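There are 2 protein chains.
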Amino acid sequence: MGATHLAGPVLVVGTGLLGTSIGLGLSRRGISVLLSDTSPTAQQVAQDIGAGSIYVPDSSPEPALVVVAAPPDVTASAVSRALRDHPAATVVDIASVKTSILRALQADEDLGAADLARYVGTHPMAGREKSGPAAARGELFTAMPWVICAHAGSAQDSVRIAGSLAIDLGATVHRLDAAEHDAAVALVSHFPQVASSLLASRLMNAPAHALALAGNGLRDTTRIAASDPRLWIQILSHNAPELVGILHGLREDLNRLIATLEDPQGPGALLDLAELMGEGNAGQARIPGKHGAPPQAFAVVTVIVDDKPGQIARLLTDVGEAGVNLEDLRMEHSSGHQVGMVELSVLPGRSLELTEALVERSWKVVQ
Amino acid sequence: MGATHLAGPVLVVGTGLLGTSIGLGLSRRGISVLLSDTSPTAQQVAQDIGAGSIYVPDSSPEPALVVVAAPPDVTASAVSRALRDHPAATVVDIASVKTSILRALQADEDLGAADLARYVGTHPMAGREKSGPAAARGELFTAMPWVICAHAGSAQDSVRIAGSLAIDLGATVHRLDAAEHDAAVALVSHFPQVASSLLASRLMNAPAHALALAGNGLRDTTRIAASDPRLWIQILSHNAPELVGILHGLREDLNRLIATLEDPQGPGALLDLAELMGEGNAGQARIPGKHGAPPQAFAVVTVIVDDKPGQIARLLTDVGEAGVNLEDLRMEHSSGHQVGMVELSVLPGRSLELTEALVERSWKVVQ
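So the protein lines, in turn, are chains F and B.
Mapping the first sequence onto the numbering used here, position 169 (from 1) lands on 169, and the numbers just tick up by one.
Mapping the second sequence onto the numbering used here, position 170 (from 1) lands on 170, and the numbers just tick up by one.
Simulated from the structure, these hints should not be mistaken for lab results.
Be careful, since some hints might not be right.
No more than 27 angstroms apart at the CA atoms, straight line, and that leaves these computed lysine-lysine pairs for DSS-like [claimed, not checked]: (1) F:Lys364 <-> F:Lys308; (2) F:Lys364 <-> B:Lys130; (3) B:Lys308 <-> F:Lys364; (4) B:Lys364 <-> B:Lys308; (5) B:Lys364 <-> F:Lys308; (6) F:Lys130 <-> B:Lys364; (7) F:Lys364 <-> B:Lys364.
Only a predicted model underlies this, so the values are computations on that prediction, with no experimental measurement involved.
Using the sequences and the hints given, assemble the complete structure.
Next comes the structure, spelled out in structure tokens:
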């Protein structure tokens with residue numbers, strides 16, 4: 001790990017999954033962390049797993065940075081209280097929505113411009129399928145985007161401190177203003193979540209013989225429909241205006257598609273369908289690849305393996321010995337067989353070499 | 001490989017990706033395959049890569065089975081011609097839609113009941129991101145579902161032959177009637193495709209700073225939006241009635257969601273959102289797991305690795321040596337870092353043991 005940029009102590013307000021993960025990550029870097037939660041149990045668990053020590057007003061040292069890691073609907077009031085209780089500290093929050101919180105703080109009569117200058121909204125784009133302090137991980141933010149949303153009145157020093165928090169936890173800093181942030185996450189995070197939930201909800205009453213035909217397409221598109229509703233209803237309601245704009249666009253496209261499919265032999269029907277699919281191609285192609293690289297088509301080498309311990313290990317050992325870097329790996333999930341296919345994605349120039357190396361080592365490469 | 005069930009010769013009509021893959025798979029099992037395509041180039045490529053020999057009317061042997069592997073919009077006429085040209089053969093098609101083809105054949109005045117008895121509709125649920133005979137693979141159908149749709153007039157012998165074709169190619173046989181099939185694939189295949197295309201098309205004009213925040217949620221939900229429009233417009237238009245019914249349901253849910261988000265502070269808004277998310281949870285949970293097993297929550301062990309050749313191989317070697325079977329593997333794709341996280345899914349009872357084994361071998365396991 002590199003040098004630590006942040007000066008402590010850091011007070012974490014809210015010791016759920018994210019707050020406790022921040023505490024763990026900073027504590028492991030030797031930064032002094034104080035923990036506070038409205039639930040005595042939650043703050044005790046966070047302390048017990050090494051995220052820091054429980055904050056005791058009047059006796060704990062004064063924090064240089066307060067990280068408010070509360071649910072979105074109580075974030076603004078927790079930030080306001082932190083700004084007043086700790087008049088020398090920078091205060092950041094980590095909620096997934098930024099405009100509604102900034103507006104609430106700007107409208108807060110208890111806060112002056114000097115208070116607001118110490119506030120910086122941030123959003124670490126990381127999470128887990130589980131919640132609560134026991135699921136926390138100090139490495140949760142490693143290599144993930146962390147958006148820093150300075151506002152017009154933010155002090156430069158506070159913006160720098162917010163950035164240091166992200167960097168110390170291994171994240172990649174992105175700078176956007178609150179409106180840009182909310183529009184961006186509405187599109188790349190909230191909209192896919194809603195679309196996946198809408199899609200998956202159609203499966204509720206599906207016959208079992210239909211679900212038995214499910215392939216990777218259905219699995220991929222519905223994976224995030226398993227997300228926890230409790231947090232999401234707050235996110236969606238706080239970012240409603242941005243999300244509604246996108247959903248209006250979706251509804252227009254959907255209405256057009258339904259009209260086309262209601263008269264599939266009608267004039268222009270096939271052209272309409274081709275247009276829809278083509279727009280999907282174009283949109284999908286704009287998503288950047290691994291490590292922020294431009295989207296890239298990898299070459300895929302498919303290998304048939306038995307579903308037994310050690311098979312994939314043995315395969316990837318051979319891939320490693322061939323000296324070819326693996327860009328991605330997918331396991332084909334299908335029903336009723338004890339063999340499967342593994343798709344190895346590599347740079348296009350390396351696939352032939354890899355295929356030859358694997359065939360030489362007796363792997364069944366699909367050609 | 002097990003015993004071959006199918007008697008040849010098998011005539012494959014249409015040497016695109018699927019037809020040529022069938023030819024390759026059967027040829028490798030020693031079954032005599034004849035190839036025919038309206039494109040002389042396509043049938044030549046198929047023969048050159050070993051899928052069989054080009055069919056020459058009047059001189060080639062008479063086929064026992066004809067597999068029509070033509071695009072959906074010409075499938076019915078190709079089946080009709082095959083039934084008349086080969087009066088002793090079973091004729092199957094492999095198009096992704098079944099009712100429209102069966103209806104066209106039943107309405108065909110050139111065909112009698114004895115002809116129709118020799119026809120069985122089928123649908124192998126396999127494909128690739130590429131098309132054409134050069135992309136064919138004999139193992140394309142291994143462990144994939146293959147739906148056999150006998151109709152009321154199908155001869156038992158022809159149904160048995162259709163099933164043998166699927167079994168010989170390593171697929172898993174599912175028996176449904178044409179209407180059940182079309183409703184099932186509308187839901188588990190055509191609807192996710194359309195939803196993914198609609199979702200991805202919203203990204204066409206998105207700012208780059210928004211797309212830079214894309215995570216696995218967006219990547220998973222839009223992956224199949226990259227599908228080739230040419231085949232899909234035929235599939236969608238042929239199965240329009242079934243798909244429209246599902247899209248009406250989606251539109252109702254979408255209208256409800258938009259109304260809720262347009263008044264996010266209104267009475268019942270949060271409850272509405274919770275309901276949407278909950279329905280998504282319930283639908284997603286019904287998708288069966290690997291090998292047709294009931295859906296199962298695997299335990300995930302997350303490991304931080306450097307992005308260098310051989311790292312993942314080394315990791316999976318250690319997983320194999322720990323004797324724990326890998327149920328799934330996901331590589332975390334995020335921007336701007338040369339380290340990544342690998343999520344290893346294992347049976348819940350094995351995760352602790354695996355974590356200990358990996359930590360002992362100096363892996364950085366996220367805990």
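Outcome of the hint check:
Proximity of Lys364 (chain F) to Lys308 (chain F) is assessed by CA-CA distance (about 15 angstroms); at most 27 angstroms being required, the pair is judged to hold. Our distance criterion of 27 angstroms between C-alpha atoms is met by Lys364 (chain F) and Lys130 (chain B), whose separation comes to about 20 angstroms. Between Lys308 (chain B) and Lys364 (chain F) the CA atoms are separated by roughly 25 angstroms; this keeps the pair inside 27 angstroms, and the hint holds. Taking the CA atoms of Lys364 (chain B) and Lys308 (chain B), the gap is near 15 angstroms; set against the 27 angstroms cutoff, the hint holds.
Between Lys364 (chain B) and Lys308 (chain F), the direct Cα distance comes to roughly 25 angstroms. Compliance with the 27 angstroms bound is thereby established for this hinted pair. At most 27 angstroms may separate the alpha-carbon atoms for a hinted pair to count; Lys130 (chain F) and Lys364 (chain B) meet this at roughly 20 angstroms. Our distance criterion of 27 angstroms between C-alpha atoms is broken by Lys364 (chain F) and Lys364 (chain B), whose separation comes to about 32 angstroms.
Violated hint for the displayed structure: number 7, the only one.
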